[in-house]
Amino acid sequence: MAGSSERRQELARFLRNRRARITPEQVGLPAGARRRTQGLRREEVAVLAGLSPTWYTYLEQGRDIHPSPQVLDSLANVLCLEEDERKYIHLLALDRTSVEISSELDDESRHLVTQVTRIAGYGPFPVYAANQYGELLAWNKSTTDWYTDFGLLPEGRRNMLWWMLTDPEAKKRIIGWAEDTRDVVARLRAAYAGRAADRKMNQLVRDLERESADFRVWWSEQHVREQHVRPRTLTVPGLGTCTFRIAVLRVMDSPFHSVVVHLPIEGAPNSLV
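According to numbering that gives the first Met the number 0, the sequence shown holds residues 0 to 272 in order.
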């Protein structure tokens, strides 16, 4: 199936990328004076993981083989993967057909998301609802104040990641813009794992690669991050500077939609607590 093939190729690229980053010294091997391979050799990874070199080569070539969870964990240990990266390779290796998941909410769910956003958004801090592609479905006035007026953007561009990467104003408003945006790209990479055959997801990636040189670099790095509570510092003339904890709350009846709330960090310099 096309979805399975896409995931195998993505897994193969990720394994090659991470193998190139590991030095022999990290896994207790001598560096050697005449190494031509950046990082570890395939056969070294295979031996350290207890695998056949031929079988591991097939895995890195994206062939139709099915590694067990135990094999994936062994590879994660050899390649020194972080926990989010470990989860990522497990998702890519799942033996199921990737399907395109609708970004549309039914009327009842849309009403629920809008109501939650409005109720949570009565305060002075940003609250917005988004789908798995980063498209904003609803937002409060504070989101407009601290970020931008997404209502003025074309419907297809009401996307937080798109704004962060393509609007020069984002670099002025987000303190530590490069690190923050690179982290969001890594979260998109994690979301991509289960939707490698999703046409809309692939179109978003292609569009961002075309419009943003920064995205092209960060996407090629294949960094992976799951959704966790994380800080973000915003600065806006007339509002000041505030450091928030960003929490992503999943919608129970629609797990690919979420409400994103900004919680001010108490004691942060100039925070509006």
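What the hints contain is simulated information worked out from the structure, not anything from laboratory work.
Don't take every hint at face value.
What the hints assert, rightly or not - Simulated restraints on C-beta separations: (1) 28 x 168: 43 to 51 Å; (2) 56 x 122: 54 to 62 Å; (3) 212 x 152: 32 to 40 Å; (4) 8 x 30: 26 to 34 Å; (5) 262 x 28: 25 to 33 Å; (6) 19 x 249: 18 to 26 Å; (7) 165 x 12: 21 to 29 Å.
What the hints assert, rightly or not - In silico EDC-like links for lysine to aspartate or glutamate, alpha-carbon gap of 16 Å or less: (8) 86 x 63; (9) 86 x 144; (10) 199 x 72; (11) 171 x 144; (12) 86 x 225; (13) 170 x 225.
Note that CB positions come from ideal geometry on N, CA and C, so glycine has one too.
Comparing the hints with the structure gives:
1. 28 x 168: 43 to 51 Å: Cβ of residue 28 to Cβ of residue 168: about 49 Å, so the range 43 to 51 Å holds.
2. 56 x 122: 54 to 62 Å: holds (56 Å)
3. 212 x 152: 32 to 40 Å: With Cβ atoms ~21 Å apart, the hint is violated.
4. 8 x 30: 26 to 34 Å: holds (31 Å)
5. 262 x 28: 25 to 33 Å: violated (46 Å)
6. 19 x 249: 18 to 26 Å: violated (35 Å)
7. 165 x 12: 21 to 29 Å: Because 25 Å falls inside the window, the suggested range holds.
8. 86 x 63: violated (20 Å)
9. 86 x 144: violated (36 Å)
10. 199 x 72: Violated, at about 31 Å.
11. 171 x 144: holds (14 Å)
12. 86 x 225: holds (9 Å)
13. 170 x 225: Violated, because 23 Å separates the two Cα atoms, which is more than 16 Å.
Of the numbered hints listed earlier, those contradicted by the structure are 3, 5, 6, 8, 9, 10, 13.
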